[in-house]
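**Q** In case you want the letters, here they are:
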Amino acid sequence: MQQKDVLPMKAEKADKRLSAKPVISGSEAVIRSLIAEGVDTIFGYPGGAIMPIYDALYDFQDKVHHILVRHEQGATHAAQGYARSSGKVGVAFATSGPGATNLVTGLADAYMDSTPMVCITGQVAASLLGTDAFQETDVIGITMPITKWNIQVTRQEDIPAAIAKAFYIARSGRPGPVLVDITKNAQVGECEYEYVPCTHIRSYQPVPELRQDAVKEAAALINAAKKPYLLVGHGVLLSGAEKELIALAEKAQIPMASTLLGLSAVPVDHPLYVGLLGMHGNYAPNILTGECDTVIAVGMRFDDRVTGDVSTYVANAKVIHIEIDAAEINKIIKADVALHADAKTALQALLKEVQPARHEEWLAEFRAADKKEYDKVQHNELYPETGELKMAEVVRLISEKTKGEAVLVTDVGQHQMIASRYYRFKNPNTNITSGGMGTMGFSLPAAMGAKMGTPEKEVVAVIGDGCFQMTLQELGTIYQSKIGVKIVILNNNFLGMVRQWQQLFFDKRYSSTEMVNPDFVQIAKGFFIPGKKVTAREDISAAIDEMLATDGAYLLEVVVEKEDNVFPMIPAGTPVTTIRLE
Amino acid sequence: MQKEYTVTVYTEDRIGITNRITIIFTRRGINITSLTTAETEIPGVYKFIITVMSTREKLDKVVGQIERLIEIHRAFVHEEDEVVYQELALYKISTKSLESGDIERLIRENQARILTITADYFVIEKTGHQQELTAFIKKLEPYGLIEYSKSGRVAIVKWSRRFHDHLKELQASSEA
Ligand SMILES: Cc1ncc(C[n+]2csc(CCOP(=O)(O)OP(=O)(O)O)c2C)c(N)n1
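Protein sequences, first through last, are from chains A and G. When we follow this note's numbering, the leftmost residue of the first sequence carries the number 2, and every step to the right adds one. When we follow this note's numbering, the leftmost residue of the second sequence carries the number 18, and every step to the right adds one.
Chain A extracted, bound-state conformation:
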């Protein structure tokens, strides 16, 4: 092996002299590598251990836009919002120690929701590693279980390759967050710079090969099915398989229901779209999981918020699971046929094998159950005439006035469920929410990121009063960077979702869920962001118009019913077919 290398190595050396690679600092190598990956926006916060990188950034201001957030958690959520709306990799910077630990929540959130993100942290000099030096934290150890991959770079010459690998891993296969920790000596030291994109890692096969026999088996099941059912997950959006999914549904007339993160893959007004799955999803799509005979789960992982009690979930159905991550197959629900593949590839293959079919009676079952939900729950939620304002009517108005075309960024709680239930999504990647983690404080920074990623789109953040107060400092970023997001606070003066559980399962003992809130409009004003507070039904429509007509950011506070509940609801851990309408 050594012997063989002699000749090519000599040639390579000669080559080097000819091409004269530039000799630059590790920090400059970081920025150049990012630019080589197509990065145009970075969310971050400086500090001692990452100062050389920020210094290098100064020379590239025309190429990369750095958004100074107000907290590193905000940087990660912004990078997530950027990635989810634009489909590109989100990038965040933080310094060592407290800067790095502030990334933890966002990394965990991105890991749970398969969001491609690269975080770069500064680290103390390699010579100080392991000595409890000032602001030294074992960020590699801390983030190991919540990153798809992480690496510590201690030598400047390793920087380009580490960044190339980071981007390749973050965006390929099942995407996820990656962290690159760079010691200060590596940032300052100089090296020859050359960027070679990563296209292969020998122990990593991101795109599995689809087995044709499995496709045939799956198609046979679908062709024989009387009550087939498509469960649409985030994987559909991640692989850009929306068209193939809809084509398959239309060809064999299969109803499609969506998980929380699958929302927006199918337009809500599609005749075969039957609604949202899960704990606060729609009635028909949940109850009929007990009826279907064949389930085609596409890019979804049977989260417990979707399945409820797993022992009874889709118990009468054959299960076809299309999933790029082998570890998800048979993890929660046993698959009769597993298509271990990218969703788009698998659906294209299935489409060829599946026969046209009609399932009128089956679809009629959905419509009947739908009507029940509409009469019992939705009508009164969407069109109340008396009483206090309801979250749902606000969402309905936003949905109508943005024609379902806005990027809707929601936080966590009742408002999230209501917005997800009632916003009528039209285009893919317009639903951004924290699904797997349910991270309060997600939406304000995520909305900033989404707006940076897709500036041509209207971005509306729908936020609870509790959630808003977790990351409201990002109003400063919104003002400084002139990010035109629309912020709607649905204020019920409660940690509403927790209060709902206390009401239903803890005898109305409202332990620490009532909130005495500040004047949100006044706070926005302090950040030079215009806003308005609305309490009356007759004012809400005009206020939303004003918000949407405003150039730039706007904050609308809507005071809503204090003790409203989100229904339908599946009590945690019970069969989804026990879904309650009241």
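Some hints here could point you the wrong way.
Here's a subset of chain G near chain A, in silico, CB distances under 10 Å, partners left out [what the hints assert, rightly or not]:
| no. | residue |
| --- | --- |
| 1 | 28 |
| 2 | 36 |
| 3 | 37 |
| 4 | 49 |
| 5 | 52 |
| 6 | 56 |
| 7 | 57 |
| 8 | 73 |
| 9 | 77 |
| 10 | 100 |
| 11 | 102 |
| 12 | 105 |
| 13 | 106 |
| 14 | 107 |
| 15 | 190 |
Please keep in mind that the hints were generated in silico from the structure rather than gathered at the bench. The structure presented is a predicted model; accordingly, all values stated were derived computationally and were not measured. Don't be surprised by glycine CBs; every beta carbon is placed ideally from N, CA and C.
Please build the complex by placing chain G with the ligand on the supplied structure of chain A, with the hints as guidance.
**A** Frame of chain A; chain G with the ligand shown alone:
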């Protein structure tokens, strides 16, 4: 049903890989009873041999999650009869006990061997399955056992030929 399984994991040579693997067991509350690791016949590829008490169902999922790690080639769960395995134990005994003749017979009969002898103690080495190795402790105790030390499991999978070929291909492609 809980029983003893052998898990084998083929990895790249990478700092922190042990931690990455073990936290997956930790998350599911599985206790690792032994862990052995060393380079394989392919330079840069390591094999972890892990023994655990658990259920097949749990371990199949654990192995899936281990394989998801970027630097992992493959991971497998093996039933008892799928592997040929050995462990190695060292026993330190007081040299005085050599004065009685029958300890030598005991060593011979148990296919053990003496590695070293000093004025105070001597060290015996024995390979075998865990039960044999611990049973041998009992037999040595009357002679004054000072210390006992045992390795984790070393195992060869009976059907691992295909994976060996795969590793060879990896090596060929990395040389090309
Ligand atoms: C960081 C964090 N802490 C706590 C929770 C638990 N939690 C889930 S929803 C919720 C209430 C949210 O209240 P609010 O933002 O007012 O929204 P609402 O439910 O009233 O719409 C809480 C506390 C969480 N998801 N995340």
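**Q** Name the hints, by number, that the structure is in violation of.
**A** Failing hints, ascending: 4, 5, 6, 7, 8, 10, 11, 12, 13 and 14.
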